[in-house]
Amino acid sequence: MAYLLKGVSILGAAPTDLHISDGVISAEPAGQDAEVIDASGLVALPGLVDVHTHLREPGREDAETVETGSRAAALGGYTAVCAMANTSPVADTAGVVEQVWRLGREAGLVDVQPIGAVTVGLAGKQMAELGAMASSAAGVRIFSDDGFCVADPKLMRRALEYVKAFDGVIAQHAEEPRLTEGAQMHEGEVSTRLGLTGWPAVAEEAIIARDVLLAEHVGSRLHVCHVSTAGSVEVLRQAKARGVRVTAEVTPHHLLLTDELASGYDPVFKVNPPLRTRKDVEALRQALLDGVIDVVATDHAPHAVQDKECEWSYARPGMLGLETALPIVLSVFGPKWELIADRMSIAPARIAGLDSHGGDLTRAGTPANLTLVDPAARWVVDPAELASRSRNTPYAGHTLPGRIVATFLRGEATVLDGKAVK
Amino acid sequence: MIKHLRSAADLDAETATLILDTAAEMAALSGREVKKLPALRGRTVVNLFYEDSTRTRISFEAAAKRLSADVINFSAKGSSVSKGESLKDTALTLQAMGADAVVIRHSASGAPHRLANWVDGSVVNAGDGTHEHPTQALLDAYTMRSRLGRLDGLKVAIVGDVLHSRVARSNVLLLTTLGAQVTVVGPPTLIPLDVAAALSEKTQVSFDLDAVLPDSDVVMMLRVQTERMQDSYFPSAREYSRRYGLDVPRLHKMPEHAIVMHPGPMNRGMEIAPEVADSPRSTIVEQVANGVSVRMAVLYLLLGGK
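For the record, the sequence lines run as chains A and B. Under my numbering, the first sequence has 350 at position 350, and the numbering climbs by one with no breaks. Under my numbering, the second sequence has 677 at position 255, and the numbering climbs by one with no breaks.
Simulated from the structure, these hints should not be mistaken for laboratory data. For every residue, glycine included, the Cβ atom is placed at its ideal position computed from N, Cα and C. Don't take each hint at face value.
Short, incomplete list of chain A residues facing chain B, as computed with Cβ under 7 Å [said to hold, decoys possible]:
(1) Gly-188
(2) Arg-193
(3) Leu-196
Just chain A, same shape as in the assembly (with noise of 0.2 Å):
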């Protein structure tokens, strides 16, 4: 299929018209098939990539699928999706990340990238066979523990170390296991009038600083999910003035939200790392200006309804993202498109080597992986109308600047007027 997107915006520059053939952009008009699209108002970014996804699959059908997790991510823009390891059974074997990748072909609304698990199980003592995971079919470069930390400096150093032979990279969710014991929530004034057991910064920031001084040391690349905190910003400053090989993400949910809405006591705020102080929001949205932060990363985490419809310390941590990401950095930061393409797109597709994603729009020969959004729409989130098989969005009721219209896959759209193709 060959499209014509006439009068589009390339990352808010003056209209023109892209053409799209033969799955690449393309210079020359594809003809009398070429599908037209009216673009004009409407904003065209590289397909966003996501480096931190949980598809939930396999293991946790019942709150998403490769399959429905991919479709949320097309309506949000993605065209590539990075799916975490802490799966049931966990992605640690070439067979997993195998079943992963290929489910995700079978859907075909994204790319999905499966993440490896550093330890076997997730369980921080041995280290899962990860050049076995990098020259499976699924390619694998990331490997993660997410939702668990890889505690021991040891296996750490030794996991920072062995990725280096496939140009891997360990994706560190950084938390002093130690520190946060039965933790809930941000420790500060609030938890304190709530009750609830508190998860300091300092435990996200003392293995943030522990782990670049070892990705010093052992001359690798290390990846820090979720960067949460102010402290964790002057952390990684420094490293990176310092020439360590560092990047980091931090989620839509922690560029605007507070510890504040944990008040009410309602689970679908729970989320880990927690959510922080009005202080650290605003520290985290000036390291992403300044590329202290290199990606937003949506921690997509959806959880079947009664793991959320139950009591905040029984709830499991964790917030849908696929579809409100763009909005949300819209809203946070206005329609700076450079900044967005790069930190939503070109900068997450480097970190996971998604050579395909991320191109240059006004080059001839780029894939056409690609999304349009129209800035000026406006949209109420409501749980229900989300294609994502859970519920669990802290933005119900919010009215979200931006809403994607259509997005491309190699070519082929896989969002036409707001919709899901398939």
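For chain A, the structure is supplied; the task is to place chain B on it using the hints.
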């Protein structure tokens, strides 16, 4: 009148004072031969207890029965709760039975807030996790007012494991609302961060019990669980007791009129010496008696009894 009592922060000074005044009227009843009032006849009060707490449950039960309410005791043991029924399903069951009020004790902070989403009746927090225990604070305030004649300007020291204490949180909130000056005292490991910002800007913090005692009208000792030792909050029961236990020499440092309180159950010899617990300055038994009157007042007012 407020609908639910989930936190002492639900109470402004006027409402809290109304509850205490009503409790005083209820207390007058207990001297009569027939202790029952018809106020809540035909109304149903459910005691939903996920934690064992015989004293609090009996207190609420006595309060509801003296107001002629029908009382259903729903305890986690031997009910569908122990089979893993969710709080929501239990709430819907109670709702279907027509509960006018649900008194809930739960180990998870905020459980009463969740429950209030699922039942139409009033929710009364009878202790939730490490959050709050507002009727305990009301009965403590009632006891202080009975003994000392006022709350405004009273200097109250709350001593011990403030971090894990729902009694402390509710007392700080309520006493400050009623004009008392509260100082929380304990080892720094057991005083929550940002306690003043979290609860009341007027709250003071001290790590030195001996310095606080001479200027206190009320010294409220909190139960300290010896398990806290395993988690390095303090090195040993002996050291805790030496630094923060209320013994006879410390009792003598308090002003003549000052009283000693404890929400129970006590660790005699740990946070409080037996001689202190049993001294005339101690209000511990009175607190229990006052608990029934205060809970009668709460149920009466929340349910709009006539």
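Chain B contact restraint on Gly-188/A - CB to CB distance below 7 Å: 6 Å, holds
Interface hint outcome for Arg-193/A [beta carbon to chain B under 7 Å]: 4 Å, holds
With chain B as the partner, please determine if Leu-196/A meets the hint condition of a C-beta pair closer than 7 Å. 5 Å, holds
The structure agrees with every numbered hint stated previously.
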